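Sequence lines, in order, name chains A and B.
If you count by this note's numbering, then the first sequence holds residues 221 to 332, one letter each, in order.
If you count by this note's numbering, then the second sequence holds residues 1122 to 1231, one letter each, in order.
By construction, these hints were calculated from the structure, which means they are not laboratory data.
It should be emphasised that the depicted structure is a prediction, and the values quoted were computed from it without experimental measurement.
Possibly wrong hints are sitting among the right ones.
DSSO-like cross-link-like pairs, simulated, lysine-lysine; straight-line CA separation at most 27 Å [as the list claims (entries may be wrong)]:
1. B:Lys1223 with A:Lys277
2. B:Lys1124 with A:Lys277
3. A:Lys233 with A:Lys277
4. B:Lys1124 with B:Lys1223
5. B:Lys1124 with B:Lys1190
Simulated restraints on C-beta separations [claimed, not checked]:
6. B:Glu1187 with A:Gly262: 28 to 34 Å
7. B:Ile1195 with A:Asn291: 37 to 43 Å
8. A:Gln238 with B:Pro1138: 38 to 44 Å
9. B:His1140 with A:Thr332: 42 to 48 Å
10. A:Ser290 with B:Arg1198: 43 to 49 Å
11. A:Gly278 with B:Asn1177: 30 to 36 Å
12. A:Arg235 with B:Arg1198: 25 to 31 Å
13. A:Gly223 with B:Asn1134: 47 to 53 Å
14. B:Ser1162 with A:Asn276: 23 to 29 Å
15. A:Lys277 with B:Arg1198: 39 to 45 Å
16. A:Phe280 with B:Leu1160: 45 to 51 Å
17. B:Ser1146 with A:Asn279: 33 to 39 Å
For glycine and all other residues, C-beta sits at the position ideal for the given N, C-alpha and C.
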Amino acid sequence: KAGVTQTPRYLIKTRGQQVTLSCSPISGHRSVSWYQQTPGQGLQFLFEYFSETQRNKGNFPGRFSGRQFSNSRSEMNVSTLELGDSALYLCASSRDGSYEQYFGPGTRLTVT
Amino acid sequence: DAKTTQPNSMESNEEEPVHLPCNHSTISGTDYIHWYRQLPSQGPEYVIHGLTSNVNNRMASLAIAEDRKSSTLILHRATLRDAAVYYCILIGGSNYKLTFGKGTLLTVNP
């Protein structure tokens, strides 16, 4: 079974731009969560989607948004990029009702 | 969210057992204890989870104290590939988000 895939793996953007990251969950997994990882703050939860609806949300500003499609694939968008948004963005999928999450390799975003 | 406390770092020798402790004194009755690990340059990886009883799988064992206020992840024979940051996380109810602390950086010496 294929694992969680994320595209692109690396991205360089400039301040003020916007970016869209993509995540394809493991087949059969309907829950997709997004996390931001930085050296200073560690791993922080952004949001979780299930059946195309946002089910949980972390404490991030509205510039961070996401969506989930009917095939469970998910995208997250960051608008008006700031230098502090430079981070590894991780996507994780899980089966409905399971706390066990499977992570993708992440997208390394650098904002200059 | 119930908090967990782990040592910042631990060191082990290859092929020796490793016991990684985690304190969670404010755990609620419905919280599951999960362990994840993150190898360098990779996303976190699920290791094991349990509720009340000790659990074993191919990767590790989880020993849960009778009062559930602490637990220990046991790697029976550490290998160099086990060098990673290990996170102890409590999850329960309808909250599926993982709240990661600082974790324990495990160094395995050859």
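Exercise. Find the hints from earlier in the document that the structure breaks and name them by number, from lowest to highest.
Key: 8, 12, 13, 16, 17
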